[in-house]
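Each chain is listed here by its residues.
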Amino acid sequence: MPIEPIAESRPQHPFNGEPADCKSHLFIDVNRLSLHYGEKPAFQDVSMSIKKGCITALVGPSGCGKTSFLTCLNRLTDLIAGCRVSGRITLDSLDVLAPQADVIRLRRRIGMIFQKPNPFPLSIRRNLEFPLREHGLRDRQQIAQRVETALRDVGLWDEVKDRLGSPALTLSGGQQQRLCIARALALSPEMLLMDEPCSALDPLSSGVVEDLIVNLRGRYTILIVTHNLAQARRIADYAAVFWVQNGAGRLIETGTARQVFDEPRDPLTAAYISGMRG
Amino acid sequence: MGEDRVETLNRTQNPREWLATVLVWGAATLVTAIFSWLLGDILWHGLSHISWAFLTAPPENAGRRGGIGPILVSTALILGVCLAVSLPIGIGTAILLAEFTSAQSLFGRVTRRSLDVLAGVPSIVVGLFGNAFFCKALGLGFSILSGGLTLACMVLPILIRSTEEGFRAVPVSYRLSAASLGLSRTTTLLHLLLPAAVPSLLVGLVLGIGRAIAETAALIFTSGYVDRMPESLLDSGRALSIHIFDLSMNVSGGDANAYASSLVLVVLLLAINGTASWLANYGLHRKIVTI
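Chain order of the listed sequences is A and B.
Note that my numbering numbers the first sequence so that position 153 is 153, with each residue one more than the last.
Note that my numbering numbers the second sequence so that position 192 is 192, with each residue one more than the last.
Worth flagging that the hints you see were computed from the coordinates, not collected in a lab.
Possibly wrong hints are sitting among the right ones.
As the list claims (entries may be wrong) - A few chain B residues facing chain A, derived, Cβ under 8 Å: (1) Ser177; (2) Ala179; (3) Leu181; (4) Gly182; (5) Leu192.
Stated by the list, open to error - Cβ-Cβ distance ranges computed for the label pairs, FRET-style: (6) Ser173/B - Gly87/A: 24 to 32 Å; (7) Trp25/B - Arg133/A: 19 to 27 Å; (8) Gly275/A - Arg109/B: 27 to 35 Å; (9) Ser102/B - Leu26/A: 52 to 60 Å; (10) Ser36/B - Pro203/A: 37 to 45 Å; (11) Ala169/B - Ser188/A: 53 to 61 Å; (12) Ala214/B - His227/A: 52 to 60 Å.
Ideal Cβ placement from N, Cα and C applies to all residues, glycine included.
Could you put the whole structure together from the sequences, leaning on the hints where they help?
Printed below as a string of structure tokens:
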């Protein structure tokens with residue numbers, strides 16, 4: 001797939017009607033999903049669909065299960081002891097939660113970016129090479145090509161091309177986060193899960209990462225958790241609002257970002273958006 | 001009012017702070033002084049006897065004259081057996097405890113408690129166990145192999161607990177990000193967790209070797225006294241610590257060589273310690289980062 005260079009200016013977001021540059025094809029369908037840690041429910045009965053190539057923002061107050069929801073989609077929940085997931089997630093025709101589903105392949109298709117940048121304590125180059133090698137890419141030239149493409153994709157290439165051998169942990173916070181995005185992109189995923197990717201960054205780096213996310217629209221399906229409503233409003237095509245009701249997180253409203261932010265149907269959403277609740 | 005309070009605070013705190021300073025410095029000086037005295041004494045009496053010949057020649061006249069060649073070889077062999085056995089078992093157990101059992105599970109709790117008890121068992125008891133099990137029950141006799149295996153029993157708890165802590169100290173974010181990239185558990189373990197746990201492994205190793213190389217009681221019953229050059233692992237061999245014990249307790253006129261042997265032992269310990277901390281700080285760290 002040819003990868004176009006990242007635009008210098010912030011792209012204008014089409015806010016009128018149906019999002020323009022995403023294809024509105026169904027990518028993931030979530031049906032009555034619930035997650036419990038032990039006996040305690042994190043969220044319950046969440047049904048939503050995620051459109052291919054679009055940016056979907058999950059918003060809502062802390063502790064309403066947004067991050068837990070993300071980790072169901074790439075089965076990271078498997079790593080958490082005492083965590084129980086019920087319901088159904090369908091990706092194309094793949095039953096994501098089926099015990100026999102190929103988790104390694106699933107996670108290759110769905111990359112994840114965490115709140116705090118978490119590069120491995122390896123060199124910049126090795127951070128990208130290592131997962132590629134593990135997924136069976138052996139050809140040195142191909143690997144080098146993919147590393148460069150991924151770094152160019154996140155706008156990091158010119159900043160690090162002369163010091164690919166130096167430790168990734170010497171990069172700034174914003175650069176580390178972009179490296180993590182590059183690391184996920186190098187595996188050519190179809191979707192990226194982003195858990196508040198800008199919240200640990202300073203405003204300037206946060207802006208750079210935000211622009212980057214906008215530039216990934218169309219090529220990748222993006223599901224982003226954010227507490228920054230202004231950010232969600234700026235970048236998202238679709239939005240989903242989570243809220244805590246009866247001790248468990250619930251999805252109270254979904255729709256296009258324009259509809260959720262400008263004409264919310266649920267009074268809780270309206271109060272949250274206007275800053276009166278949450 | 002504010003100034004008044006500051007004044008009173010200063011007045012009451014000064015003598016106490018002074019006392020605390022004296023106590024802390026006093027304690028530190030005492031510790032350093034004891035160590036310096038010990039090292040100085042060994043250096044003073046031992047250094048003049050150290051020579052290449054002393055390090056390579058066999059002991060003569062029950063150790064009063066001659067050197068410690070065969071004893072160094074026996075010590076190295078005992079230590080080699082001990083490490084060859086305890087390293088794989090130790091790392092394996094640590095991985096099992098840290099990565100494949102939860103901290104609260106019954107199995108984990110029982111294993112951990114057993115290890116802590118095992119670490120506190122007096123060495124003479126371990127020696128008797130080694131004698132009963134390795135020498136008699138397994139029929140290995142008084143041999144370097146029995147001695148090394150017995151030492152492994154002593155080193156294992158320290159090594160396992162230290163390495164386990166090392167694995168547990170690796171941030172969860174490594175595991176999560178590795179999993180989210182579709183890396184298998186084995187890959188994550190080998191390429192990310194193991195390198196990150198190496199410094200703790202080295203600390204455990206140094207503590208373990210320190211205990212092993214200086215061990216006397218456990219070896220008296222298992223590897224024996226024989227001061228000839230060992231021909232195989234099934235030969236009895238005299239470890240350096242036993243040589244020192246024997247020269248100073250049982251051989252009149254053996255003091256000079258006992259001092260010299262002690263000096264060799266101390267230098268060996270310091271060298272192992274230094275190498276390990278150098279490896280942990282520079283060598284391995286560098287390697288982990290830039291490969």
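How the hints compare with the structure:
1. Below 8 Å, beta-carbon pairs count as interface contacts, and Ser177/B has one with chain A at about 5 Å; its hint therefore holds.
2. A hinted interface residue such as Ala179/B counts as satisfied when its beta carbon comes closer than 8 Å to some beta carbon of chain A; here the least separation is about 6 Å, so the hint holds.
3. For Leu181/B, the shortest C-beta to C-beta distance to chain A is roughly 4 Å, which falls under 8 Å, so the interface hint holds.
4. Given hint, Gly182/B at the interface with chain A, holds; its Cβ is 4 Å from that chain's nearest Cβ, closer than 8 Å.
5. Interface hint at Leu192/B: satisfied, since its Cβ lies 6 Å from the closest Cβ of chain A, which is below the 8 Å cut-off.
6. Between Ser173/B and Gly87/A the Cβ separation comes to about 27 Å, which falls inside the hinted range of 24 to 32 Å.
7. For the pair Trp25/B and Arg133/A, the beta carbons lie near 55 Å from each other, so the given range of 19 to 27 Å is not met.
8. Look at Gly275/A against Arg109/B: about 49 Å separates their beta carbons, and that is not inside 27 to 35 Å.
9. Taking 52 to 60 Å as the suggested C-beta distance range, the pair Ser102/B and Leu26/A does not conform, at roughly 38 Å.
10. Between Ser36/B and Pro203/A the beta carbon distance is about 56 Å. The supplied range of 37 to 45 Å is therefore violated.
11. One distance hint, 53 to 61 Å for the beta-carbon pair Ala169/B and Ser188/A, is violated here, with the actual separation near 34 Å.
12. At roughly 57 Å, the beta carbons of Ala214/B and His227/A sit within the given window of 52 to 60 Å.
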